[in-house]
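K.L.:
Sequence:
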Amino acid sequence: MPRTTFRLLTVTLVTGMAVAASLPASARSEQRPSRPSLDSLATEDRPCDVATPTRVRFSPTLHAQLSDPDGDPVSAQFEVSWTAAGSDAPSRLRLGTTAKASGSAFSWKVPDTVPEGQVSWRVRAKDADGYGPWSDSRHQGRCQYLKDVEAPAAPQVTSPDVPLDGDEPVDVMGRYPSFTFATSSPDVTAYRYSLNGGATETVRPEKPGASVTVRLTPPSPGLLQLEVQALDEAGNISAPTRYTIRVASPADSVARWKLDDPAGSLFAGEASGGQSAWAWHGVTFGADGPSGTSATGAVTLDGTYATGLRAETTAADPTGTYSVSAWVRPEDVDRGMTAVSQTGFLAPSDFALGTTVGEDGRPAFAFSVPAPSGGATRVTGGTPAPGEWTHLTGVHDPVAGTARLYVDGALAASGAAAVPAADSHGYVEIGRELEEDGTHWTGAWHGDLADVRVWDRVVRSEEIADLGHRTPQRTGYWAMDTVRTDDSYTDTPGVGGGQSLILSGDAHLNTTDPLTGEGSISLDGDGDHLDSDGHQIDTGRSYTVTAQVRLREWAPERDMALLSQGGDEADAFTLRYRGDDLMWEAVFAHADSGDAETTTLTAPFGDDTCTFAVQYDSEAGEVRLFLNGSLTDSAAYSAADAWDAYRALQVGRDGAGQGGAHHLDGDVDEVRTYAGVLSASEIRELAEPGEHPDL
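Going by this note's numbering, the sequence shown opens with residue 5, and the numbers climb by one from there.
Hints listed in this document are in silico derivations from the structure and should not be mistaken for laboratory results.
There could be a bad hint or two in this list.
[Claimed, not checked] Using C-beta positions, here's what the derived DEER-type ranges look like: (1) A600 / G107: 48 to 54 Å; (2) E601 / K211: 16 to 22 Å; (3) T602 / K113: 51 to 57 Å; (4) K104 / P190: 40 to 46 Å; (5) D53 / L99: 17 to 23 Å; (6) A267 / G226: 41 to 47 Å; (7) A684 / E316: 28 to 34 Å; (8) P190 / D49: 50 to 56 Å; (9) G213 / D169: 49 to 55 Å.
From the three backbone atoms N, C-alpha and C, an ideal C-beta is built for every residue, glycine too.
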């Protein structure tokens, strides 16, 4: 073989061997980064859109998530392109980033040198071996945005119900007048409005540039300023459009039967001269109304079939806004009863306000409105007690889509309520209603009723609180200046009559060193206490209880209770001294259960002589603790948490249902109980020296 041939073959062979040996290394060589997918790209917080430019108000930040199939670190290169005004040639700007781990997010804030108008952008990844494909490769298209800094025109506002910038007050409280917001700018996507500079609400038209109509109710009477602005897709905000509306005071009820007519009356007169409510059988006028209110009289119904009163008037439109209220005093809580309704022949009631009994057998107050598909929507809350006055208000709010029940001025329940399909031709019935088929009477009221009212509007919560407010009534006052003893017990009498407090153990009158007045009661902490001669405080409703105390030792180490009233397993409230913490606390159990949740208020320990007030305010949904006339703590405590502890008031111990505990070692004086909420000034006055018999 020629020498030259051999050399060629050798080179070829060696070369071939070298190539063969290098194939595994080639198979392991790095791959280029992946092409970014459109769903991994975003302009600000909005997904990439290749068809419709994303509108922005400022130069946006572009976002991308980039990866490498080999998991190697990658960097990003962003590119934006645009055509400047007056130019046919596109302009381009690129930015490269530092490398990060594969799968990381990258971003670029486009500089303000990129002018307004439409801009397209794309991005690609780069690893050590070079760039991957652009995001718009393979016909994916480029992301688009439109920088728009021009504010839309100020909106126009019209209303068929309210004269804007009018001079005369208008009756719109609780009536939801409508307002239409319109614009001449085709890119408006939202309207923003506020009332009197309050919280801002946003509404959106069905399509850009369209108008919207809203229904608003003023928060209060007086001058109301409505401010509206238009917003475009880019976020530009128009100049505000402002109107001032003069809102009249809330309209009075459209019907009211005080039910304070004299004994022997045949009908209840309507307060403004409208339709009287004629009494059927079982109705007796002349009862007393609820104390501490403006209701001066009441009517008594005996609960027999069809007992009640009828006023031949349709006071409420069931398809619109309305409210109804009444003072009620049931004698029977074992069945559902109707205080007031509006009902027609062969038709279900437009509404019914009264009591019901749940599946668990527990009574509750109830407000019912018809459902469009038949049946009724019923909201329930609160706990009726035989012989106890309660104020009920039902509110039908079709704009908010709710039915609401208020008990003693506080919201007790709320539920969704759709608008019934038809108007009503029913009459107002007091103390009864017709069954759903409208053929037989049901819900005959047994007990007293007073001051029935109907409004053709939503009554505000502030008004309802006033309607359900009762001036606090003192239900017990023990000055503890004297005691009385007979063969079986010793007690200290209540001032002005009422229940006495019975002394137990070694409790005795102290006239040597009394806290206030001529005497106080001394307890030795070894089983001594006082309790009322029966149930004293309805703890399921607003109450205030006050007392003075002087501990025998300064900063004693053990726990001692001053006041409590409970059930079988828990105290509805207890006020006690905590020795470990050197503080006082008021504890409110949420149920008569040993493991019930509790709400606790605290007060610091200071002087050994203190005046305390414990208070539950159902209207405010709050419990409070006062020390020496000053509020020291408060907390939310809803009507659902409150319950009526049936046992007697305890002075000097708690846990009566479990045999008693935390007996007090010291003197007590000036114990008072009230149905209702004393004002802060009244509580301050009680903390001043003296007996204050008129409070």
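K.L.:
Evaluate each hint against the coordinates.
P.N.:
Here's how the hints hold up against the structure:
{"no.": "1", "hint": "A600 / G107: 48 to 54 Å", "verdict": "holds, 52 Å"}
{"no.": "2", "hint": "E601 / K211: 16 to 22 Å", "verdict": "violated, 50 Å"}
{"no.": "3", "hint": "T602 / K113: 51 to 57 Å", "verdict": "holds, 54 Å"}
{"no.": "4", "hint": "K104 / P190: 40 to 46 Å", "verdict": "holds, 42 Å"}
{"no.": "5", "hint": "D53 / L99: 17 to 23 Å", "verdict": "holds, 21 Å"}
{"no.": "6", "hint": "A267 / G226: 41 to 47 Å", "verdict": "holds, 44 Å"}
{"no.": "7", "hint": "A684 / E316: 28 to 34 Å", "verdict": "violated, 48 Å"}
{"no.": "8", "hint": "P190 / D49: 50 to 56 Å", "verdict": "violated, 24 Å"}
{"no.": "9", "hint": "G213 / D169: 49 to 55 Å", "verdict": "violated, 26 Å"}
Of the hints listed earlier, those the structure fails to meet are numbers 2, 7, 8 and 9, in rising order.
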